[in-house]
Amino acid sequence: MVDVRNVRGGNGLDGISAEVDEILDAVFQRTRQASEDFFVAFDRNPDPKVLSGWLEPRCWREIDYVFLLNEQIRRYGLGFKRNHITLLAKQSFQEAEHYEMVGRAIESLGGTVPTALPTEVEPWSSFLWDCLDRHPLAAIAAWFTSETSASGSFEPTFRAAERHGLDEVMRIYKRIETDEKFHTGLGRQILSTYARTDGDRQEILRAMRGMRDLAWKTFTPESVALAKMAS
Amino acid sequence: MGVPTVRSVRAATAEAFSSSCSAEPAILDLSVVAKRAEAQGVVSLDLALPDGELLPAWLPGAHIDVMLPDNVVRQYSLCGDCRNNRAWTIAVLRETASRGGSRYIHDHLAVGDRMQVSRPRNNFRLVDAEHYLFIAGGIGITPILAMARQIAAQGKPWTLVYGGRTRGAMAFIDTLRALRGGQIHICPQDECGLLDLPRFLDRHEDGTKVYCCGPEALIDAVEKRCSDWPIGTLHRERFAPSTKGAALPKGAFEVELARSGRRLVVPPDTSLLMVLEEAGYTITNSCRAGICGTCFIRVLSGELEHNDDVLSDAEREAGDGLLVCVSRAKSGLLVLDL
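Going line by line, the protein sequences match chains A and B.
Counting from 1, position 33 in the first sequence corresponds to residue 33 in my numbering; the numbering is continuous, with no gaps.
Counting from 1, position 155 in the second sequence corresponds to residue 155 in my numbering; the numbering is continuous, with no gaps.
Be aware that a few hints might be false.
Said to hold, decoys possible - Below 30 Å or equal to it, Euclidean Cα-Cα: the simulated BS3-like pairs (lysine-lysine) are: (1) Lys-228(A) to Lys-90(A); (2) Lys-250(B) to Lys-330(B); (3) Lys-228(A) to Lys-174(A); (4) Lys-224(B) to Lys-156(B); (5) Lys-81(A) to Lys-250(B); (6) Lys-81(A) to Lys-330(B); (7) Lys-174(A) to Lys-217(A); (8) Lys-209(B) to Lys-156(B); (9) Lys-90(A) to Lys-330(B).
Honestly, the hints are just simulated from the structure, not real lab data.
What you are looking at is a predicted structure, and each value in this text was computed from that prediction instead of being measured.
Use the sequences and the hints to build the structure in full.
Encoded structure:
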């Protein structure tokens, strides 16, 4: 299988690539464990509403990426090569498709598609947008980490979807899995292409560390329970 | 942020390269243990490991690359019995315009000589069918002989239409006649004229698969007769890449889809992915820019031009796959495992 960590770009991550990979491994593992825990709980109580509650933060993340990527292009895009503007726009389009698809899955489970920032996603969203304000590469580093975190949820999701006969969820997440290989590959390519100074690299690490500590949290069963209480 | 410096990743080590490959040697050093005249201008060679060890398994339709002096490499179909794993048999036609390959084998190679050959590769596999129609022209009989032998052993019905310039130049006629279950039509051109393709390819018969090997004119004629038959019915192998390729515009290339034998032309300004999609294939993909790696397709033969951003140097050097969204053939024909 092709490994997007091999993606060619520049040498901007030289010197920090070991920590970058450690962060990615850590956030992947944490999210996988959180997702496993969620589906263990779901197996005991396979209430479609519970699953739709778990999907709602995913759904918001998709549309928040659309807003953010477009703002990223507007503010900083002309500092990038033209093909990277195109690819960021393409990612934005795919995130919009994911919002639509995950939204359909939520509705099929009897849930409500979020049209405002859900409480449990607020820390994630605030951090992402703060990163955008701080540095041209920081938000990219943050969503690169967040997208890697989401990929940790796929295998548990696929196994659970198979156990529970959730064909639509399976189909949607297979498609998202494919697209996230693009998004994570693009994130790494942009960071390695445009990071030049130690200051750039420190901003990248700061964003990745922060997102590592946040991105997995909405995958836990506790997060769904808290959200339910809040609503 | 600075000006991007594209890093040239040239760190692949021999270790990394070999780890991506089979632990078995890719090239075998074999001995010629028999050499026979099979017809006018055709000799066969039996090749075996010098220590008598077992050779790698193969299936009908497979060919090997034979390394000859002066860096000449030629492909020959295995035409012996695939159940015999002590020796491989190839048959070689003396080409009148030989640049050293067949002439060397005919005039110089002798029993006891050693030669280096590749492991078998198979772009012309037999698929399951109720009935087989084999069409062979000249030395194109070699893969067909191995196929007919297997189908005869399975007790399935088969028909062979076999053409050649003269009866004396057509190899393996007696061997074919000794096989069970087949209807054999031997058609030397000086006796019968050109093969009567309309008689055998008048209409598609359900359950029949057609396997054709021979000169380009024969393959073209068979393709034409079968052009509106269901995909996957006709399987063919040419002696050499289609000369149609020579007429392609600069930057265009041809792909063959091994599982169906179907051929497609990729124009210079169109991606292989788009051509495959237009031909009705669903190829997983996302970025269409050589980053995500999801459209990786295995390649069975051909020279690759990698334009992606994600395959490692070792993966590129292995030459066994490409990202169809951006990568292409350097020249000639690509055979895809599709």
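Consistency of the hints with the structure:
{"no.": "1", "hint": "Lys-228(A) to Lys-90(A)", "verdict": "violated (34 Å)"}
{"no.": "2", "hint": "Lys-250(B) to Lys-330(B)", "verdict": "holds (11 Å)"}
{"no.": "3", "hint": "Lys-228(A) to Lys-174(A)", "verdict": "holds (27 Å)"}
{"no.": "4", "hint": "Lys-224(B) to Lys-156(B)", "verdict": "holds (27 Å)"}
{"no.": "5", "hint": "Lys-81(A) to Lys-250(B)", "verdict": "holds (28 Å)"}
{"no.": "6", "hint": "Lys-81(A) to Lys-330(B)", "verdict": "holds (27 Å)"}
{"no.": "7", "hint": "Lys-174(A) to Lys-217(A)", "verdict": "holds (22 Å)"}
{"no.": "8", "hint": "Lys-209(B) to Lys-156(B)", "verdict": "holds (12 Å)"}
{"no.": "9", "hint": "Lys-90(A) to Lys-330(B)", "verdict": "holds (29 Å)"}
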